[in-house]
Amino acid sequence: MKRSAGPLRAVLPETILALVLVVAPFALPPLGFSYDLLSRVLNWGLLGLGFDILFGLTGLLSFGQAAFYGVGGFVTAYLLVSGKVASVWLALGIGTAAAGLFGLLVGWLAVRRIGIYFTMITLAFGQMAYFIENSPLSDFTGGENGIAGVPVPTLGFGEGAIPLSAGLPMYGLLAVVFLLGFALARRIVMSPVGTILLAIRENTGRVAMLGHDVPGYKLAAFVIAALYAGLAGGLLGSFQSYMPPDAFALETSGQLVVQTIVGGVGTLIGPLVGAAIWLWLRDNLQLVPGLGAFWKLILGIAFIGLVIGLRRGICGEIAHRMNRRRERAALRHEAAITEALEQSGAAVATETAKAIFASLPLAAPGGTAGEVALSVRHLSRHYGGLKAVDDVSFDIRRGTIHAVIGPNGAGKSTLFKMLLEEVSPSSGEVLLFGERLTGLGVTRAAQLGVAKSNQLNQLFPNLTVRQSLRVAALARRRGKLRLDLIRPAASLPEVEAQVDRVIDALGLHDRAETPAHILAYGEKRRLEIGMALATGPNVLLLDEPLAGMSPAERLATRDLIRAIAVSRTVVIVEHDLDAIFQLADHITVLHEGRLLAGGLPEEIARDQAVQDAYLGGLHADEPA
Amino acid sequence: MPSWATLMSQAFNGLALGTLLALVSSGLTIILGTLGVLNFAHGALFTVGAYAIFVIFQYTSSFLLALLIGSLFMLALGLLLERIIVRLFYDRPHEDQILVTYGVGIVLVEALRTGFGSHAQRVRLPSWGTGVSELGFMMYPTYRLQLIGMVAALLVTLYLVLYRTSLGLIVRAGIDNPGMVGILGIDVRRTFMIVFAVGCVAVGLAGMLYAPVVAVSPDMGASFMAQSFVVIVLGGLGSFPGAVIGGLIAGEIIAITSAFNSAYSEVMLYGVMALILVLRPQGLFGSEGRV
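These protein sequences, in sequence, are chains G and A.
Take the first sequence: its letters are residues 747 to 1370, numbered as in my numbering.
Take the second sequence: its letters are residues 578 to 868, numbered as in my numbering.
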């Protein structure tokens, strides 16, 4: 990384935030911000930190955050008011943990569905929590009355304890909690987990294919958001000495979403800014004669305008404008390189590539590590009456380039998808070094050392080349799910070394910090292959790696594939038969879903049945 | 254990609520299935419908005429919303569509609040709907019986539109494969506009028919929207039969649970949704593989 990581620079946002939080209670009250208002803004901001990790970073829009806000709040308030727990701090901790547990339960159900469904389910569970609070648990929660008389926390013990009463002391407490919460959230964003969450937002399917446990990471983001919400809820009851039931209301979840959009999604600080604007307008517009009743209508119209035109929100827009000039220059530069490349078609230095791939780590082969890397046994896939693949068996020997060819509709793609468990077979099985892959799912298959580059690029458009490869390299180094939330993403030396080696081998050194969507087509293809490689697989599946490439790029990619095959097994599906006959050690021919022939390239080239299949059986009895 | 009569009357209440939920959810599901947009303004549109009948019924003595005018109003509102806002969002992420329709919902509800105040309004029963009817085995409010009949008639109409007209064919094709419909040379934009408006009329009519039985207030739609989400999760995405049967199931769950302990009626509904999510995540009538 080129970033100059001075100790001060690394904590610059926290430093600025600390200064602002210190100055705010002295500078802002004349503008209509009372201590109470500032405290409420910080409380919403704290709730928003978790929500921004869930929505801004991971892309999961929840309309049910009120549930966790409410659980944290009511558990804390009940424990304190009923006298079951004396220490406010302890009660806050228990309340936060309860919200996290509830988040684990709801999240477990919600992350099974994506997009629209996820939002609907979170909203519905938010409503469920509201009704549970309101009726069945009203003996504990006070139902519609809420819980009054929640005590404030104290600093110190016994006689000398200082109560953090409403006003400036409470503001101070919330400011410290928010600052700590912000610092933690920023660490999470910059951790390996943060990088993976970002990649999930960009292309969920590819993250799973690289070997990361996508539902697990989504659930982690969900629980983190619930914990932040629980803590904010607990503090809410404490600082207004009353826990209101409308913390649970759908309106609360909605207001959080609106504030986050207004302030800026994916900026962490955005929800706080949005809350400041929303609450200030509410408190102050209501005082304006003739306007008071309209405040929410005006905000609603403004919100629609923001979503239509300024979706980045205030903080997002400011950051975007500050970066834009610098980014534009960089983009022009990148685009110029792209254009030059598209005209010339750069080659890859094969010899260095060979050395590099040989040094990439291999997964430990499972079972009895024999000479057969991948074994396909009686594999079939039927779609109704259509037999896309019908009882196909063959072995792929370790360290070879094995090609699967066949006319259109022969079942190559379906077969390929079954090798990595993207499609589950109707019958039959696939063995990797004797270990059964079938039924394990795509993530587990990737963890065992099978990687695939796709026919259509599956990239992370807004991640740089280095970040994309890092997501890939992290998968097998860290296992399918690991919550190293405060470690910097680039702090794993073996991962970084692996990423550097792949960048060198792909010839993408000058492009390492370029976002994937700006790359030239050939470079995108190489990155697609590179991401599969960066996982350090034993078996690499290449689905039409040469598709759409210029002649020069084809040559370069062919050399690249040869270099890869020095140290690992390559299985390749390709339409370019010239390239296949030069590259492959062994060829399997499919025709109408069945195995037609298998053997050395020379044998296949002479095979009468193969020629018939490719020429549609014309030349046998008709003049071609 | 509640008496048999209570259970019976609650079953009828469940039928009334269920058919209503079915109508609300059908509107939501045809918009969702065809346009791919989850309309977060749906609850607000329900409320708009209720206020529409509240206003119009003051100027005309005929409830049916008021329903007709109200439907035309909802149609116009739907066309307008699609034309100036929703249309901008077809190519944007689902999240943006949800956000902007949520914003539309806020504006609609707040406009009603500004115009009519926050307090509850009463809509009188139509003259032919007052009193109770003797069903032989129990007495039941006449209008509620008529409500069930009218909503059922509307659902049948919607079914005929969806399954017996060329527009319906396009809508169902669009639910199956949104990309393909455009490729076939059908004017998708026009179809989208009509479907959105039809969805608005469906939910608006639900609001209008429900208005005489409840207090009309600006926030009445929110819980209906949440419940219609549950119906969609139960029934499956974009499935009209799923919306109808899911609606009836949801209505009966709420009503029958109320007969035992009204505190648990809503909780039970969401509990059943959680159960369905575990056992059959695609919903009762949904197919595997759809979002």
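It should be emphasised that the hints constitute simulated quantities derived from the structure, not laboratory data.
Warning: the hint list may mix true and false statements.
Residues on chain A that point at chain G, a partial pick, calculated with CB under 8 Å [what the hints assert, rightly or not]: (1) 579; (2) 667; (3) 668; (4) 675; (5) 680; (6) 761; (7) 791; (8) 794; (9) 806; (10) 840; (11) 847; (12) 849; (13) 850.
All residues carry an ideal CB built from backbone N, CA and C; glycine is no exception.
Hints that the structure is at odds with (numbers, increasing): 1, 2, 3, 6, 7, 8 and 12
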